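Chemist: Since chain A is already given, all that's left is putting chain B on it; use the hints.
Chains A and B supply the protein sequences, listed in that same order. According to the working numbering, the first sequence is numbered sequentially starting from 2. According to the working numbering, the second sequence is numbered sequentially starting from 2.
No lab work stands behind these hints: they were computed from the structure. These figures come from a predicted structure and were not determined experimentally. One thing to keep in mind: the hints can contain errors.
Which copy? The list can't say, so a pair holds if one copy fits it or any two copies do.
Claimed, not checked - Mimicking DSS-like on lysine-lysine, the simulated pairs with C-alpha atoms at most 30 Å apart in a straight line are:
| id | residue 1 | residue 2 |
| --- | --- | --- |
| 1 | K109 | K194 |
| 2 | K194 | K117 |
| 3 | K194 | K87 |
| 4 | K130 | K117 |
| 5 | K130 | K87 |
| 6 | K109 | K130 |
| 7 | K87 | K117 |
| 8 | K130 | K194 |
| 9 | K87 | K109 |
Listed below, chain by chain, are the residues.
Protein chains: 2
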Amino acid sequence: MTVSTAAMLVIGDEILSGRTPDSNGNYVARQLATLGIDLREIRVVGDSEAEIVAALNALRTRYDFVFTTGGIGPTHDDITADAVAKAFGVGIGYHPEAYALLEARYPKGEFNDMRKRMARVPDGGTLIKNNASVAPGFQIGNVFVMAGVPMVMRAMMEEVLTRLPRGVAVTSITVSVELAEGTIAQGLADIQKAYPQTAIGSYPWYRDGRFGAQLVARSRDADAAEAAAQAIEAMITQLGATPERVNSA
Amino acid sequence: MTVSTAAMLVIGDEILSGRTPDSNGNYVARQLATLGIDLREIRVVGDSEAEIVAALNALRTRYDFVFTTGGIGPTHDDITADAVAKAFGVGIGYHPEAYALLEARYPKGEFNDMRKRMARVPDGGTLIKNNASVAPGFQIGNVFVMAGVPMVMRAMMEEVLTRLPRGVAVTSITVSVELAEGTIAQGLADIQKAYPQTAIGSYPWYRDGRFGAQLVARSRDADAAEAAAQAIEAMITQLGATPERVNSA
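Only chain A is shown next, with the shape it has when bound in the complex (with noise of 0.2 Å):
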């Protein structure tokens, strides 16, 4: 089975300050896990260029897909459309169609040059358009580009997910159950080895002086998956405790 793999740049002074938490990775994460395609790495920079160059060349010869978010709006410090188009070695200008839909937007003498600027292209790249907001994003080769605005990223993601290839999606099965990770960790260390095909992880939870634990079997063979949160239900029976599935959360 052949398994896409993806990245996701965020951009953006605002996340390194702390001034803003990123919704935007968790959200591409879980479009991406729906197709079936596997992000691989999440990494943030800040409003250099420098530093979106290096690392967009980093990701998108290592990755089938990587999506970026931030930089794309008019001021002075959306410089992801120039930093794209320096990565890839071409060159960058108004793009017709993403120029005459702005222009239509605004009234006559409103559509200045910075607003001219989220016409920007790098040659060779195909519009993102989305309902959020008349200003695009862009593809070009494997990489897309979208708005830090949640909101419009979302938007914009819905196109994107029409371009991208339907894979198998992995089936996540998770399994809570009120006991310590220590006490469970050797069963599951057994299981996990009796089960290759299926990765398994554990994440421990505290709640109203309760903890216990969340089993996650994680496979795109769902069977094999199955078979692994049935082996761990059953070792958490034998520990005396009761296993509960739930909703992954």
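Modeler: Positioned in the frame of chain A, the structure of chain B alone reads:
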């Protein structure tokens, strides 16, 4: 002025699958900001030794400090300590103090081999003890290895903060305005040019059908940030709108 730099390495399949939104990156970013340390990059990788080693070596050689979260519990998928040892090319074994702390924590017979994994520290590492969990994190060289559970990570970060240098924190002044970014972009670009010591960012907002932007002036020179903020306010007033200083949010 010498400014310390830092990177963060978030470790965990659950972040990349979208199951868990990462909140540790934002927390560490805000803590470092208070110390005046520049967080320059965040990377998220999965529970893969090769990926952790490669990312850690890239980051620790480039930045003054690296902070990792995730993968230090008792279960088989907790592989961070081993990966860190490999990245540094050192051995790994039970740290006597960590071992003693953990041994004292569990009733006789419950300090099993999997729990003992939490006492494994790369040779030369020092413990990061904390109030939330008896299992410590550790520091080796310029790398601080912390838990993924936010409550525990935050407790470890309290100890880590005592080991970091104090620099000059960035002064950040936020001016909010109900104008479209495209309307203020040229004035803002001119101000950025006139105040090169200050980084000026523009972050659009949408709320209840209204829209505008938060304009942020950031500098280690508080006077320079203030001067740039006043220039922004004057520009907004000249455009017939009302600038409003707000707390960064």
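Chemist: Confirm or reject each hint.
Modeler: For each hint, the structure was consulted:
no.	hint	verdict
1	K109 <-> K194	between (68 Å within a copy, 28 Å between copies)
2	K194 <-> K117	between (57 Å within a copy, 20 Å between copies)
3	K194 <-> K87	between (46 Å within a copy, 23 Å between copies)
4	K130 <-> K117	within (16 Å within a copy, 54 Å between copies)
5	K130 <-> K87	within (23 Å within a copy, 46 Å between copies)
6	K109 <-> K130	within (23 Å within a copy, 64 Å between copies)
7	K87 <-> K117	within (19 Å within a copy, 50 Å between copies)
8	K130 <-> K194	neither (47 Å within a copy, 32 Å between copies)
9	K87 <-> K109	neither (33 Å within a copy, 62 Å between copies)
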